[in-house]
Each structure stands twice: as C-alpha cells, then as structure tokens.
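J.: Spelled out, the chains give:
Number of protein chains: 2
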Amino acid sequence: MGFEDNIRKVTPYTPGEQPENKVIKLNTNESPYTPSPRVMEALRGLDWDRLRLYPDPAMSALTESIADHYGVKPSEVFAGVGSDDVLSMCFLTFFAGNRPVLFPDITYSFYDVWAEVYRIPYETRRLDEDFRIVPSDYYGPNGGIVIANPNAPTGIGESREFIEDILEHNRDSVVIVDEAYIDFGAETALPLIEKYDNLIVVRTMSKSRAMAGMRIGYCFGNSRLIGFLNDVKYSVNSYTLNLPSIAAGKAAIEDSDHFREIVGRIKKTREKTAVELAELGFASYPSDTNFIFTKPPEGYKAKDIFLRLKEYGIYVRYFDKERISDYLRITIGTDDEMHMLIHILKEIIKK
Amino acid sequence: MGFEDNIRKVTPYTPGEQPENKVIKLNTNESPYTPSPRVMEALRGLDWDRLRLYPDPAMSALTESIADHYGVKPSEVFAGVGSDDVLSMCFLTFFAGNRPVLFPDITYSFYDVWAEVYRIPYETRRLDEDFRIVPSDYYGPNGGIVIANPNAPTGIGESREFIEDILEHNRDSVVIVDEAYIDFGAETALPLIEKYDNLIVVRTMSKSRAMAGMRIGYCFGNSRLIGFLNDVKYSVNSYTLNLPSIAAGKAAIEDSDHFREIVGRIKKTREKTAVELAELGFASYPSDTNFIFTKPPEGYKAKDIFLRLKEYGIYVRYFDKERISDYLRITIGTDDEMHMLIHILKEIIKK
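Residue numbers (the numbering used here), protein chains in the order written: chain L, 2 to 352; chain S, 2 to 352.
Bound-form chain L, shown alone (with noise of 0.2 Å):
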C-alpha cells in the first residue's frame, strides 16, 4: 500500500482554449466589449496600502450592492471566485446525501464533474430531442436538482412558471437554476426565492458584465440556505475574493447603463448572425444567450468546419460529445468579428 492509494483521481473538466495570439475567440462565450469604465476607476483608485491586510471576509461591500441592485436582503447573497466556486460551494453544501442529484445529460459539463469530485451520487436525465428538459423526469425522490437556464450548451431558456412547476414537485430538494446566461434571455427565477426556500439562483459577473478575467460569482438564496453555503465556504478558505475583486465587482455592479448598453449590443449581433447562419444553411437553435448553438448544412461536419475555422484564426467551441457531436457553439463577439466568421464560412462552405 503506498500513498497514491489515497489520492483522489479525477477526469477533471476541460476549459475552452485560451490561444495567446491574435485570433477571433468565440469560443469561451467572453464579452467582446470591456466592462464598466467605473471598474477601471474602482481599480486605479484602490487604497494600495490595503493590500497588505486581508480582504473583508465576508465581501460585505460586494454582497451589500448585489442585494440593494437586485433589491433582495445581504443576507440572501453569497458570492465567490467565480459562478464555479459558487456552484461548487453549493454542491459541497446542498448535496451530502445519499440520494441521487438529477441534472440534465446535455448540460454545463461541470456538474458531474463536481459530483466525481465530491462523491456525490447523481443521475443524468435525458433532454428531449429538441433539447429541452422534460419537467416530469425531475418528480422522483432525489438528492437535488440542477437546472441551467438558459440551458447551455444549447442555449435554450424556459421561462419561470417551467422552474416554478419542478420547484413545486421538489419541496424536499435544494434546487439550483444557474443563470449563467440569464442577462441575454429568458426569465429569471429570483422572484421565488422568497416563495421557495430550497431554491438557489446562481449568476456571474464573467458573461454579461464582461469581468471573466476578475473571477466574481454570487448566488441567491434565503438567508438560512446562504447561512449554510458561508458556514461551507468559511470551512475551505475564508477569504475567496481579493481586494480587487471586491472593488470591481462593486462598480460593475452599479454601473447599469454601461451593462444595458453591452447586453443590448449581443443581443442585436446575436439576431444578425442567426440570420446570416440561416442563409448559410446553419440549423440554429433561438438562442437566450450570448452564444448560438448551430448545426452546419447537410454535407459538412461540425468538427471539420471547427478544424477549418481554427486554420483561418478563429476559435469556436466544437464537443466531441455524444448528441451534440454535430452541432458548433458559436460566441457572438463583436458585428466585425461575426462579420469575419459569416465571410469564412462562407468560403468553407462553398468549396
């Protein structure tokens, strides 16, 4: 018997390439645009001093603007180093029984691998063939419930009486909705936190308010169901967001013009490029998000088109995954880049 016996082997997940050259990345779903220009004030203006004293514990500047923002109590929010470290305090926290958690099989592909990683027992339930969750699979007994909404990475919202009817049948089950996506669609599940007081509604600052390089995630709950994340999150690492973090996640969060402003901006080259696909041959998806989950015309695979666009510099997302093996995850960047990727294809599909 020697030591690796107790070490704990996992697959772990596979984040998208980050290329170091000049390439048109639209495959990380990154924000093409900057953030708040109030983040950048807050950052050059941090009390540098400060640096050497560890950060608030309890991130009370953050947490104190996402509550008056989203006009909940601080104590229903928690936030951490990102939506991951949140879901997976949530994970650590909501799952340690000994019942299955039910997500779906085409899903954010972090969620098993959480469970791997903290032996949590979990069952996938299959979407259906237009891949949309089917509300019914999630009635049984189980050990919790992940749903993204939008889904990813489809990209497919379900509005908020869908969430309602699977919180409704889950009265003994936390159940998470990650929101990811929510600022590019459909309809978010906060308002029944106060209704609900097993649901969770995790979002993050990495999509819409184009922070992914800050790392910031936060999460609503009731306040005993947040009470039970902190106790978690004070049990592995006290302070999780640095000095920095705390500051920008602050301004960006009270920067709403500037937020509107990038949303609205995706949301209109989302619809272009939708329809540019279309012409092309492309098999979309409606997308709620701030990417678009396409299928290339008969004849051409998405893997050699993902081959073929990464000769000409631009990076998308392709999943050698079975079910969605065929389809592409295209980021929308900005009108130019979207521009470039509409002129390459073209000339892929052409030929």
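Mixed in with the good hints, there may be bad ones.
The list treats identical chains as one, so a pair stands whether inside a single copy or across any two.
Stated by the list, open to error - For lysine-lysine, the following DSBU-like pairs were computed, each having C-alpha atoms within a straight-line distance of at most 30 Å:
(1) K196 to K10
(2) K74 to K269
(3) K74 to K10
(4) K196 to K311
(5) K322 to K268
(6) K273 to K347
(7) K347 to K74
(8) K322 to K196
(9) K304 to K74
(10) K351 to K74
No wet-lab data here; the hints were simulated from the structure.
Based on the hints, put chain S in the right spot on chain L.
T.: Just chain S, lined up with the frame of chain L:
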C-alpha cells in the same frame, strides 16, 4: 425527510477580527509594511481590456516566476487563492483514503476544519509540554501527515533533519509541510522534494510578501503529485487566480530586495519586542515567525489582557482553547506599533 437532511452542516474556522476603525492590528499576522512597489506598478500597468477574458487557467506567468525564483521546475509548482485554497485542495486530493490523517493538537486551526468538511478521518497528536512536535508520534500507519513548520500559534520552528525523519518514516503517506511563516526563520524542507516523492511544501504571499489582500498561495512537490493536485483543482474551479493576482504575484516574487528588506525589519522588531516582553515578565517561546506566542506574568490572565488591549484599540489574538488559553499571539507590527503595545502593557501590568 426534508432537504435539510442533505445539507453538510459544519462548524467553520473563525478568522481573526477585521476591525474597520483606526486600531493597531496585531491579530492576524499581516505585514505592517506595504508590498513591493513593483506590485503596484504591475497592477497599474495591467491591460484592463483583458479583464473581459478568462485568466490563464494554468497561471503560467506566476508558476514560472515561482519556479525560476526557487530553482525548481514549473511542473513542480501549484498556486491558489491563498495557502488556504492550496491546503484545502491538498486535503481533498491527497487524503482520500480511510486511514486517519495526523497532525498536532496545537497547530493551524484550519486542519481539522478541512478534515471535517471533506469527511476525512483524522487524529491529533499531542505536542509535548514545551509545545514541541514528537516525531515518533507520526511513525505508525496513517492516511497522511500535516506539519506546520514553524508551527502556529507557537511560532516554534524545527530543522530540516526533523522533517526528513518524519518523511523517512512515512514513505506511504503524503506529508504536507505548511511553511506559511518559513521566511521569518526555520529551515525549509523545499530541497527534499527531489528526494521524497510524497512531500508537499506550502507557502503564502500573505505574510512575508505583505499581500494578504491579494490571496496568493503556492506549493511545491514532484511533478506527479502536482499533476494530481491540478486535476482536482480543474475539477473544482478552472480559473482560480484572477488577472490582477497573477500579475501581482509575479511582481512580488521577482522583487527579492524589497522582500529581504521588510522581512529583515520584522525580525529585528521581533527580537526587540521579545526582550521588552521578557522585561515585563512575559514568558515567550523563541519565534521563527512574524508573531510572538507569549504568556503573561504570574497573576495576569491572557484573556483579561487581550480584552484590556482591545479597549486601547490594540488587537492581538487570544485562543479560548485547551492548553493555550493562557497565551497571547501577538503579530509583529512596526517599531512604533510595538512601542505603543509595550507602553500600554506597562499600564496594564502595573495596575
């Protein structure tokens, strides 16, 4: 059966208070000096447009500087959100067996918290009457070993031979040496990573590099161990250090002059303070850290002095815990701060 049955309920670690007002803060072992001016330059010179993009998940700019500085391979370095994140990931990765993990009864009080949250079996081994680790306590079969060197909150450091003896007797366990305070004294175990493939040496930038507010920790081990650690990290959160942290960490590690300067000053102030405390009748352990662990003179209770100092706006650390409730842990501040502390202690003691 309700959803609360599935919730992981834990008793979290309690960090030292972070008072907002103007006080003398000698309670959380922060540096009284600002970080390297190169850190400020690096932060001010950041390409803010890159904030919209995810940071490099491998944090290569940082791990390569660390490797270069310490003369190891980049594949032998891992970094995280403070040494708490690094240690937490180490517990999750290396202590996944059924045998109990061993650490001293008096040590960094996060070890048992991580063991609890990850449901890792553990046993503590009693420090001897002089608060020294007894190596033979760690010779039997076990699921892993954690030694803080220098130890906290005692401040006592052990030699490299001492650590090597424990390694020699534990070729079947991963041995973690937590060197959070190593730069203030004691001998590092770092060179032993070439000889022992089961050794992890953990460091932080929060103390000697004066950057508690950035949350940067790192560790060393052979490439295979670091590989397993990375697999778990990528299964919890792909991107842990944000863009500012990677830049600040690199700048800090590259400024050896500033580092030596501030560490030297703290050591000088520590020796002066130790003498002055002794003159007041305090019994202190020889410290290899940036704090002094000390027992008030006959007739004075540690807790009372802790509370009296707080009234004067001087925060030190008191642990209401068996075996150490007669002691105070006092962080080394500037000469002026320590002068004020001694002045007030004289007031308290003479009354």
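J.: Against each hint, give a clear statement of whether it holds in the structure.
T.: Tested hints:
For the identical chains of this complex, K196 and K10 are inter-copy neighbours only, at 23 Å across copies versus 40 Å inside a copy, given an alpha-carbon limit of 30 Å. Neither within a single protomer nor between protomers do K74 and K269 lie at most 30 Å apart by alpha-carbon distance, with minima of 33 Å and 48 Å respectively. Within a single copy, K74 and K10 get their C-alpha atoms only as close as 40 Å, which misses the 30 Å cut-off; across copies the closest is 23 Å, which meets it. When the C-alpha separation of K196 and K311 is checked against a cutoff of 30 Å, the pair qualifies neither within a copy, at 48 Å, nor between copies, at 44 Å.
In this assembly of identical chains, K322 and K268 lie within 30 Å of each other by CA distance solely inside one copy; the values are 28 Å within and 57 Å between copies. For the homomeric pair K273 and K347, the shortest alpha-carbon distance inside one copy (16 Å) is at most 30 Å, but the shortest distance between copies (76 Å) is not. Taking identical chains as interchangeable, the C-alpha atoms of K347 and K74 are never at most 30 Å apart, the minima being 51 Å within one chain and 46 Å between chains. In the homo-oligomer, the alpha carbons of K322 and K196 never lie at most 30 Å apart, since the shortest distance is 38 Å inside one protomer and 42 Å across protomers.
In the homo-oligomer, the alpha carbons of K304 and K74 never lie at most 30 Å apart, since the shortest distance is 47 Å inside one protomer and 36 Å across protomers. Within a single copy, K351 and K74 get their C-alpha atoms no closer than 56 Å, and across copies no closer than 49 Å, so neither meets the 30 Å cut-off.
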